[in-house]
Amino acid sequence: MNERKPTGMTTAEKLVALRTILTKEFLRFIRIWVQTVVPPMVTTALYFAIFGNLIGSQINDIDGQRYMDFIVPGLIMMAVISNSYANVVSSFYGSKFQRAIEEMLVSPMPNYIILLGFISGGVARGLTVGAAVTVVSTFFTDLPVHNLAVSISVVVLTAFLFALGGFINAVYARSFDDISIIPTFILTPLTYLGGVFYSIHMLPPFWQTVSQLNPILYMINAFRFGLLGVSDIDPAVSFVIILAFIGALYVFSLYLLRKGIGIRT
Amino acid sequence: MTAALEIQDLRKTYANGLTALKGIDLTVPKGEFFALLGPNGAGKSTAIGIVSSLINKSGGKVFIFDRDIDTDFAAARRNIGLVPQEFNFNVFEPVVEIVVNQAGYYGIPRREAFDAAEDVLNQLGLWEKRRAQARELSGGMKRRLMIARALIHQPGLLILDEPTAGVDIEIRRSMWEFLTRANEAGTTIILTTHYLEEAESLCRQIAIIDEGRIVEHSAMRDLLARLHEETFVLYLREPLDQLPELGGHDVRLLDNHTLEAAVHRDAKLNELFADLTHAGIEVLSMKNKANRLEEFFMSRLANRNDSQ
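From first to last, the protein sequence lines stand for chains A and B.
Residue numbers for the first sequence follow this note's numbering, beginning at 100 and rising by one.
Residue numbers for the second sequence follow this note's numbering, beginning at 2 and rising by one.
Extracted from the complex, chain B is given alone in its bound form (with noise of 0.2 Å):
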């Protein structure tokens, strides 16, 4: 099967000496929704802005639906949408000149590039801003503006480089739903984001690089399978001054309203509501301390801290 991309032995090294990829390979299926992960400065942009030809790489090969980025360019680039993570137009200009241009420097005709925009502009609720500088739109707009500017081509492959960093909850659930769609069509999207939330429920791949390799790939499910504990919350209905014994579950008490239970994920839940109410313990409500993805994440950290 055709990968979107297939990344070999990539390297960089900048002319400051700093080595942002150390080698890495990586491969992302066609229609895939992969989640590219890791901590600030671990080369997630750097391996993004060389897939998308904004950085000169050291050494290595990248393959766009089996077009070589160096031998075949104009090929590769077509397939490829890339929505970057710092606002990257002429911040004068109208919106739909923003997006018709960029459909003309795939050489795509000006009638056919405005019918384009429209149709684009439109499923991303900017149409009627249409004729607005890019200046004048809101954090979530531009960021969605960008969206239409990397889909105007109609590329097989969507990379998005924290895509809804600083966006509402509202447009982000908005993005996600259109997204979701769009890889249901059939477009391959990678997206590297820091709301962990975001990949765990949007893709069923992730890799995760630190220090310019990749330490993790594999498919979320999989991935989250390893988890070896959940944290969760709880909330009590009467007040509790001093935690009584809880048949060996890991509980401590945050306030005397409140509980944190580390459960193991082959324990039993209904064993710790068992104990608690034998202890008397009223629980309201619960949640998730910190999402699935997000204790995976911080452990691999972790490990990697403590190895050094």
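Next up, chain A with everything else stripped away, as it sits in the complex (with noise of 0.2 Å):
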């Protein structure tokens, strides 16, 4: 009974796959854009009034850069975090709580094309939410830009490292409680304390090294080193950790799938 070749999916088909889930996530936070879109550029918006212009106007320069000019990556990055962890995190789980996740589970869709279909919608907001919140900072600076390349791949990677983490979180979270408690009491706290409104050179020693624990602070500085040229971590160390956090939460999430965790009994 099973001499039969095994017949996957071809190439073609699985990118028609890849392409549906995409066009799905992204039409589904279109759709919704003045809850997805707008309010980090309105969030991001007081941050340039208030911290760069009022209150930066009061503090020195860091690293050579206007206060204002500093804050800009890491606002950006902020954004584009919190909003590709977002994406997929309350997609996946609605998806799961009104069993739509059945659709692809019951299709010829290998695991990794369900994966990256939700991690590419997850990539696609953050990186749409961090053109807005850009678009709003060229009001406030004059946006320079130092390693166009560096700056793009950052972002790309780091998108699609929280898109990631929201997909773990999703399979394992039971409630909608569940899936804004990682994003309340671990994200944005670390995303504070990633450097985001100040250099960790101005910390003592020991939080110095203490922050180097924080791999946001490494994606953060990669990004100001894109955009200012200027940051706390060699740019070289950043990519190796954003790759390797890639790399294991990627295996992680697949073994997930494969299990069936949260998502088959």
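Hints listed in this document are in silico derivations from the structure and should not be mistaken for laboratory results.
For each residue, glycine too, the CB sits at the ideal point set by N, CA and C.
Misleading hints may appear alongside valid ones.
Coverage of chain A stretches by chain B, computed from C-beta distances (three or more under 8 Å per stretch; other residues unrestricted) [as the list claims (entries may be wrong)]: (1) 192 to 205; (2) 299 to 313.
Below, computed lysine-lysine pairings styled on DSSO-like, alpha-carbon distance capped at 27 Å [said to hold, decoys possible]: (3) A:195 <-> B:288; (4) A:358 <-> A:195; (5) A:358 <-> B:23; (6) B:269 <-> A:358; (7) B:130 <-> A:195; (8) A:195 <-> A:113; (9) B:31 <-> B:62; (10) B:288 <-> B:269; (11) A:358 <-> A:113.
A few chain B residues that don't get close to chain A, going by computed Cβ distances all over 12 Å [said to hold, decoys possible]: (12) 92; (13) 170; (14) 255.
Assembly of the complex is requested from the two constituent chains, each provided in isolation within its own frame, with the hints serving as guidance.
Written as structure tokens, this is what we have:
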């Protein structure tokens, strides 16, 4: 009975499937753009107006940069991180909650296509909101770009990493409370403590060392290097750390899907 | 001949220790209209969940048109369409998007999928509702939407878990006609239902699952032939206060206008009517008390309870 060769999906079919999930995810957050795209723009504008303009004008330059310019990379990255994470955690958990995830589980799609579909949706939202926040920032700064390739690659990789984080959160979530606990109690503090508003060189030596355990520090600094050419961390180290986290979380996510944890009984 | 579905020694024990399937074997030939029946909690939905890859099995093998769901899962899943018991779509999505996206998950390009969606939604009377969000549909429409979604990739095997639950009789009958046409066009259909009349009128083969085991598996005709009696309800023209002797027939008075008669399958109804006429009792109309499959089903479960 098993003499026939396995016949999986062709590459073209997999691409259709991947594009289907990406389109669905993109339309999902674009349809509710007032809830998904506008709030981070308003929040970031307030950060620029209050911290950058009012308070920042009273603060000395950091690493040779005006305070307003210094906080731009961190604020953009903060929007990218929270939105790529939020998109996947809410979409995948919503699919679990409504059991719509079964539409994909009964299909011939391999697990990695399902995963990449949701992740690409998260990356799409992270980049869309990141672009919107960047536009807002141009009203307050000249937005210099020191290295475009580094800037874009670090944003895309960071969005990818936090989309994976959102996926894992959604797999384990059993209620809507569970999808807000990690963003509120882990992600937001790590982001604020990741050098958005300050250089870790301003901290006492002990807290500088502690800060280096925060992965978000590396992403914000790599992006700051891309835009401003200054960083607390060697950008190469940042890339290695981001890629290592992506590798680990990707493998773990595929393991969760293969075992059906949280989605198959 | 290729079987649409072959299940070998299928077992499932859930994490809480509940053993839902205790090693079932089942073959559904290609082209069959098959009823899988059983009381609540018997293991029907678990079996269907495993076959359609929604539940992990604890042991055994499942083949869809000879394709192993473990080693050749893509080919196996291409050949299954599932209509689950519970609604399982995003209620905020438009009807046509739900169906077209499902096609996309099978690798069908969007334009092709849209044409196929128009065809299947038209057949199920949902094309006019294509732009409505799924939550705006009635219960019957939601069930038909799930059928449309399950058929969009033209599977060889369609599995329906209680497809007509909570659906009014008019829509239920239109769904029966649709499923009959699909079966005549070559789709193998497996149906679970609590409406045994539905199983009796649609299905040619039947399996009964109880407490995680297949306790009956035969052709519907053979199974019904094993019923040793049927019960009829007779409505009388004139009121009757006391039941006269009726030649040994098993008859009882339900009220003064209604009789209930249990008739052995070897007995002739003519003899009962002759004795009723002889006793001066005129019958206006009659009906089966329960449909025949229901009687068999109840007797099967009663035997199980007696033997415990």
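Right, here's what the structure says about each hint:
Three residues within the 8 Å Cβ limit are the bar, and the segment 192 to 205 of chain A against chain B gives 10, so the coverage statement holds. Restraint check on the segment 299 to 313 of chain A versus chain B: 0 residues with Cβ-Cβ distances below 8 Å, three needed, restraint violated. This hinted pair does not check out: residue 195 of chain A and residue 288 of chain B have alpha carbons roughly 47 Å apart, beyond 27 Å. Using a Cα cut-off of 27 Å, the hinted pair residue 358 of chain A and residue 195 of chain A holds, with the two alpha carbons roughly 15 Å apart.
Note on residue 358 of chain A and residue 23 of chain B: the hinted pairing holds, with a Cα-Cα distance of about 22 Å set against a maximum of 27 Å. The suggested pairing of residue 269 of chain B with residue 358 of chain A is violated, with an alpha-carbon distance near 60 Å, which exceeds 27 Å. Proposed proximity of residue 130 of chain B and residue 195 of chain A is supported: the alpha carbons are some 25 Å apart, at most 27 Å. Straight-line distance between C-alpha atoms of residue 195 of chain A and residue 113 of chain A comes to about 22 Å, which keeps the hinted pair within the 27 Å bound.
Only pairs whose Cα atoms come within 27 Å are accepted, and residue 31 of chain B paired with residue 62 of chain B is accepted, the gap being roughly 18 Å. Our distance criterion of 27 Å between C-alpha atoms is met by residue 288 of chain B and residue 269 of chain B, whose separation comes to about 16 Å. This hinted pair checks out: residue 358 of chain A and residue 113 of chain A have alpha carbons roughly 21 Å apart, not beyond 27 Å. Not every beta carbon of chain A lies more than 12 Å from that of residue 92 of chain B, the smallest distance being close to 7 Å; the non-interface claim is violated.
At the 12 Å boundary, the C-beta of residue 170 of chain B stays outside the reach of chain A, the nearest C-beta of that chain being 28 Å off. Against the 12 Å criterion, residue 255 of chain B stays outside the reach of chain A, whose nearest CB is about 45 Å from its own CB.
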